[in-house]
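Participant: Under the working numbering, think of the first position of the sequence shown as 477, with each following residue one higher.
Calculated directly from the structure, the hints in this document are not laboratory data. Check before you lean on any hint, since a few could be wrong.
[Unchecked claim] Below 20 angstroms or equal to it, Euclidean Cα-Cα: the simulated SDA-like pairs (lysine to any residue) are:
id: 1; residue 1: K556; residue 2: N770
id: 2; residue 1: K556; residue 2: S601
id: 3; residue 1: K842; residue 2: Q800
id: 4; residue 1: K778; residue 2: R538
id: 5; residue 1: K648; residue 2: E722
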Amino acid sequence: VCLVLPLRSVSDCHCHDRPPTMLTPPTSAVAIIVLLSTHFIIPTQSLTIGTRSSKLALTQARTFQSALQKSIRSFQASLKTEIVIIDTAGDTREQTGRTLKQKLPLAVSGADFTGTLDEAVLNGSVDVAVHSLKDIPPESRWNVAGNESDSHLVIGACLGPRATPLDVLVTKDDSITSIQTLPHGARVGSASVRRQSQLKAICQSLNVINIRGNVDARLNALENGEVDALVLAMAGLKRLGIIDDENNSIHEVGNKDSEDTRQKSTYCYSPIPIETMTPGCGQGIIAITCRGDNAEILSLLKEADDHDARIAATTERAFLDTVQTLSPWAGRPPVGGYMSRSENLNWVFSGLLATPDGARVLRVQKTIDNNCCNDEAQNLGRLAGEEVVSLAGDTFLDGFY
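Make a model of the complete structure from these sequences and hints.
Facilitator: Set out below in structure tokens:
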């Protein structure tokens, strides 16, 4: 059973941010038939949404569910949606009591938290999966060969507006307002090699600790004195609703259904400027993945896709993919990237490649016109990736892996 949505306007399929092209007969009749068959037909029965079980993951899944329903209602249509919880390998490890500070292989990536969801989409257990875009691995490690199915995964929608991509420094001491004001030898917790390398580049005296777990677990580590500070993504904290912007404080996540009446802990946070710490590629963007051969789902997701979030995601992932593909090194280096609009509304991309110890940090910057299309954004990211790999040279990671 399908629903045909009303035709609004026709725009360039690849450069969908260009001004709409108005149709005139006889072209309009042909174009309308094409559009109705490829872009405006959606399933009206149900949509299953796969997500992890963490509070943040569920919050993001509900955000997508709400955004999609709002889009569908604008067409006076209805769609039944169901959230399906799927525990990933990373979640299972956390639940089995893996030590928070246990050192992990440098090769561990977001695939730990996306692989099981990806499999569920590919085998049809769910229609779509909701991810933090920064957790989706580069294309060469995401859509790997060997699947029994010929299908592949695609990012069907990038929700907008993008949440702030900033990282934040979290402490119990309100006198610490930046990384530079941390005391000598301070223990700073983060599992991200991108954050770890940039912390070391800023201040070599810091004792950077590889600490994992959900937001609750990491805040507990800070509360119990295992670390003196944490570096976390501001977007996740905001989505959890635990940030108090007025007082620059963070409240313990807690559980609405819990009968725990004890006083919840409060922590101080300071945003880390982009110039100090380049965000992860895709940080702050909620991405919805689906099978690339499912035209109906892709058509539906198009209604929830945000133009600016898509342009940023395309550029940043093209940069990440290019560094990964062209890498002459045995290991995977710390990589960061951020695409944003400048004061004159043109797009500016800033990319980072570093050694794990922070001794070498390479940066590239590219600009492009404000009305660029998706293909142009992808090319910009590719060129930035090629440039930074060339600057690094073949011996960039010698001695690290």
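Participant: So, against the hints stated earlier in the document, which numbers end up violated here?
Facilitator: none
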